Each structure stands twice: as structure tokens, then as C-alpha cells.
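Peer 1: Given these sequences and hints, build the entire structure.
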Amino acid sequence: MNMNEQPVLPTRAPQKNHETAAFWDGCLSSQLLVPRCDACGELIWYPRRFCPFCGSTDVTDVALSGRGTVYSFTVIRKGFGPFRDAAPYVLAYIELEEGPRIQSNIVGVDPETVHIGQAVNVVFEPVLDPTNPGDPPVAAIYRFTPS
Amino acid sequence: MSLRGAAFIAGAYEHPRRNIPDRTEAQIHAEVAVGALADAGLSFADVDAYYCAGDAPGFGPISMAEYLGLKCRTYDSTETGGSSYLVHVGHAAAAIAAGHASIALITLAGAPRNTMPSPGAAAAFNSAPESEFENLWGSSIVAQYALAAQRHMYEFGTTSAQLAEIKVAASIHAQHNPNAMLRDVVTVDDVLSSPMVADPLRRLDCCVVTDGGGALVVVSPEVAATLPRQCVKVLGQGEAAKNGNGGRVDLTHTGAVWSGPRAFEEAGVTVADIDYVSIYDSFTITVLITLEDLGFCAKGEGGRFVLDGRLVAPHGGLPFNTDGGGLCNNHPANRGGMTKVIEAVRQLRGEAHPAVQVPDCQIALAHGTGGSLATRMMSSTLILGVADA
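Each protein sequence line maps, in turn, to chains R and Y. Under our numbering, the first sequence has 87 at position 87, and the numbering climbs by one with no breaks. Under our numbering, the second sequence has 383 at position 383, and the numbering climbs by one with no breaks.
The hints are simulated quantities; they were obtained by calculation from the structure and are not laboratory data. Computed from a prediction, not measured in an experiment: that's the story for all the values here. You may find that some hints are simply not true.
DEER-style ranges, computed between Cβ atoms [what the hints assert, rightly or not]:
(1) Y/Val185 / R/His115: 34 to 42 Å
(2) R/Val138 / Y/Gly316: 52 to 60 Å
(3) Y/Gly316 / R/Ser30: 50 to 58 Å
(4) R/Pro88 / Y/Asp184: 23 to 31 Å
(5) Y/Gly350 / R/Gly81: 42 to 50 Å
(6) R/Ser147 / Y/Ala124: 32 to 40 Å
(7) Y/Tyr75 / R/Pro88: 41 to 49 Å
Where chain Y lies over chain R, by a calculated footprint (3+ residues, C-beta under 8 Å) [claimed, not checked]:
(8) 43–49
(9) 68–77
(10) 101–109
Backbone N, C-alpha and C define an ideal beta-carbon position, used for all residues, glycine too.
Peer 2: Following this line, the structure appears as C-alpha cells:
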């Protein structure tokens, strides 16, 4: 996606912290960087510097393919806050081909056609500075679209 | 050590109102505490243990002990969302068994129809380590249950009409409850024609939003023996966390698959022994999956299990939520666990409405689900019995 193209659903810059900065910075360079445990080898979602499978504090980020399938979804008919005027839109669990099931939106699709098992790919959507929309994006977030 | 028989519920009280614009949250806590203590035949001076959860204002037990004038030797603010109050009953029984308490007061109160969510609740949403991986997508509470419902339908062929049967049963019960928020009996067609909120859940698949609260008094066997009131025996309690599991979430089950067996084992009973169930009903799907997880039917069979009036009191195979539940009666402070215990106590005392009283109700199960079905939750199962159970 052209990083200066405005997404259809509302975006905002995610709050980063010591554990998640690498993940969000990865999105800005169009990479899905997810920690893998150095000790037991499990991929860890949501990103953290701790392995909930074995208790290790040693993890290394790896880039995932961004390919997956819809594990479950809902069409939200009434949005709240920034999403008040966005309905209908799709919230889904995407099962990444490497294993983790993660929540996000399915975009670029008629919500009525989304179905479990549907193949999807990650898209990285830019978050622009509203006062300087011509500047490079200040952040990026991950959504998914049908393959 | 088993907690079977270690404690009794001597007092139970549900606030009669569902819209309370003229009370503070602390005031409603106090009103339900007064009600439960009066029900037990006890007073504030008798209370030596106090339990509250995230709905308590200010600094929880620190603030509430001062407001209520409590001088306890045990305080516990275990917060597991809507299941907190079932957990509190178990923890109170453990404290009593350990000799750290003899008369425990548990309160819940809130007024979400009239007050903004507490700052603490908003802070929890924003400060949780998982928050930014879930809060960017325009999610909602109902959406986090819809995801589970959609997957259940996909894997097991569960239908919206089957989910609607759960709401229908609750509404049949609620018509007899003069305090219920929704007293009209509804049909499956009524549910299916209500507006879609988040597919596949419609408006009538959702619980009510109510002000109010409730309280319980849990006492030692020695205290129970001195009280004129019919006391209900605590037979067993289990609790469990179920969550995203590092990215391996399985939407087809809840924490009840672990909390249930723990409670049944401690109580020394099986599903066949249960005469009445209070099942957490934030949404219809919550009930259906929980019934499967507790073993009342096989996984995936919940949709067929709830047909043919099985959940309808007094003569269905498994009467549930005879007060009308959260779907019709009350879901005070957006937390349904307290009222689940209260209606189970009514049933075991034979004090449910005569139209829904289960004949010869000896053993009841109450189950709470705190948090969210599609992400993370704390489940608690409580098994209660009549005094000689």
C-alpha cells in the first residue's frame, strides 16, 4: 500500500513501550516482527519480552509472512468512539500461517463476503500527522485484506 | 483440604432497583450490605471479613471499610470481573476454614445507567499489556463474544435460533420477577428480528445494563447453627483463567472447562446431581458454551441441548436463571456474578418465585465469567447445597 494513502477505517498512532517499540517500528517498515522464544522456540503473541510458554526472558524478533486465514470474524453494525460512523466493518481473528491467532480488521472487502477460512494478507496502513498530512507517516498499523 | 461444608451463605440480598440516579456507588454498596446482613440476622458489628471487587469506589476495601465502619480482620479485593463474587465466596470459605474469619460480607454495586465508567476501568483498558493489540480495531464488548459465537457456529453448526432459545427461557422466568428490567416474554422470532449488533449476536442476545447490586453474608458452620435463617452450604468452588495463550486462543471453550471440574471434585457431586443452575449470561453464547464446558452436554451439543424448553423452570431438564438472569432481570454494574449466587440461594431455600421454584432443589450450581469470551477471562464455578447436602 502507498503509505500516504488514507485508510478507510480510523487509525491512530499506537502507544509504544519498551516491549512493543520494535513491533510497531516494524510495521512502519512493512514488517510483522513477532518475538520467538530463544529457549523453547515458540512464537509469542501479543509481543512481549517474556515467554509465557516456558518463562524465558530471552526472545528474538522474527519477521512473519503476513499470510493467514480468517479463524473467526464479526461484522460490527454499531461502532463507538472514532468508529462511530465506520460501521459496518469487520473485526476478525486471523490465524497466521506460522500459528498465532491475532485480532485485527479485514479491510478492502465487502463485509458480507468475509468467511472463516478465507485467505488474507497483512497490509500496513499509515498513521499520518493530521496537522501535516503531507509528511511521512508517524506510525503504521497492521490490518488484513483478502489475498 | 476441601472446603466442602466449611462455610454457609446466611444472607443474600439483591437491590430491587434497576435505575438509580439518586445514589452514589458507595451508598448502593451500603444498602445491599444492610439488606444481606438483615437477611442473615446479623449486624455490621458482627462482620469480621469484607470482600469487594473492581466495582467498589475509590481504593476498594480501604475506602469501603471506612464508609461502612468495618473493623474486620480479613479484607480481600480479588478482582476477576463479573465472576469476582463467586470467587469471593470460595475465598471467604477458605478464610473461615483457616480461622481467619467467621462472618464475611461480600458487596457489589454500581450505576452504569447513570454514571460514567470509573476511571479505574478506563485505566485498565489502556494500561493492560495487550491493549494496543486489541484497541485499534473498533472492537466492542459484544464483538468479543460474537467472535466466539461465530466460531462455535462454524465448528458445530450452532444456529441463531438455538441461541435465541436461551433468551426465551430467561424471559419466561423474568415475567414472574416484579423487579426485572425486562418482563415481557419473547419468542425466538422476536430475538431473530431484533437488530444485529455484531454478527451473529443481535440486541436480544445481549444482557441488560442496570444499576444496582447485591450482597452475601458467608459464615462459619458454628455461626450458621446459631442463626434462625435457613443457611445454604458451600460445597465447592473452582476458578480458572483462560486467555489468548500466547496466540493459541481457542474460541470454542471458556475457563469453565477447568473451574467446573475443580468445583465438582471439591463438592463431591456430578452434573447429574445438580437441580438448578445459575449460568453467567452476559450474552446467549456465554450460556451455551458454559453449559458444554461444565459437562451438562458434550462440546458442540449446546445448541441442541437448550431446545425444547430444557432450561425453563420448573419442569425443564436443567432449569436456569429463574430470576430472568442478566438477559432479562439484572446485570448490576455490568457484573452478573453476584445475582447468579443470589438466585441459587433463593432456589435452595425454596424462596424463588413459586412459578419458577424447582421442586425439592437440593444442589445448585452458579457460574461466573469475568472478562471477555474471545480474549481473556476468569471463570468461577460455585456449588451450593441445602444445609444437610
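Peer 1: Give a verdict on every hint.
Peer 2: Here is how each hint holds up against the structure:
1. Restraint check, Y/Val185 to R/His115: a C-beta distance of roughly 35 Å satisfies the suggested window 34 to 42 Å.
2. For the pair R/Val138 and Y/Gly316, the supplied restraint of 52 to 60 Å holds, since their beta-carbon distance comes to about 58 Å.
3. Range check, Y/Gly316 to R/Ser30: about 56 Å between beta-carbon atoms, so the 50 to 58 Å window is met.
4. A hinted range of 23 to 31 Å for the beta carbons of R/Pro88 and Y/Asp184 is consistent with their spacing of about 29 Å.
5. At roughly 47 Å, the beta carbons of Y/Gly350 and R/Gly81 sit within the given window of 42 to 50 Å.
6. The hinted window of 32 to 40 Å between R/Ser147 and Y/Ala124 holds, with their beta carbons roughly 36 Å apart.
7. At about 47 Å, the beta-carbon gap between Y/Tyr75 and R/Pro88 stays in the expected band of 41 to 49 Å.
8. Using a Cβ-Cβ cut-off of 8 Å, 6 residues of the stretch 43–49 of chain R lie near chain Y, which meets the minimum of three, so the contact claim holds.
9. For the stretch 68–77 of chain R, the assignment as covered by chain Y holds, since 7 residues bring a beta-carbon within under 8 Å of that chain's beta-carbons and 3 suffice.
10. Counting residues of the stretch 101–109 of chain R whose CB lies closer than 8 Å to any CB of chain Y gives 5, so the stated coverage by that chain holds, three being the minimum.
Consistency with the previously given hints is maintained throughout, with no hint failing.
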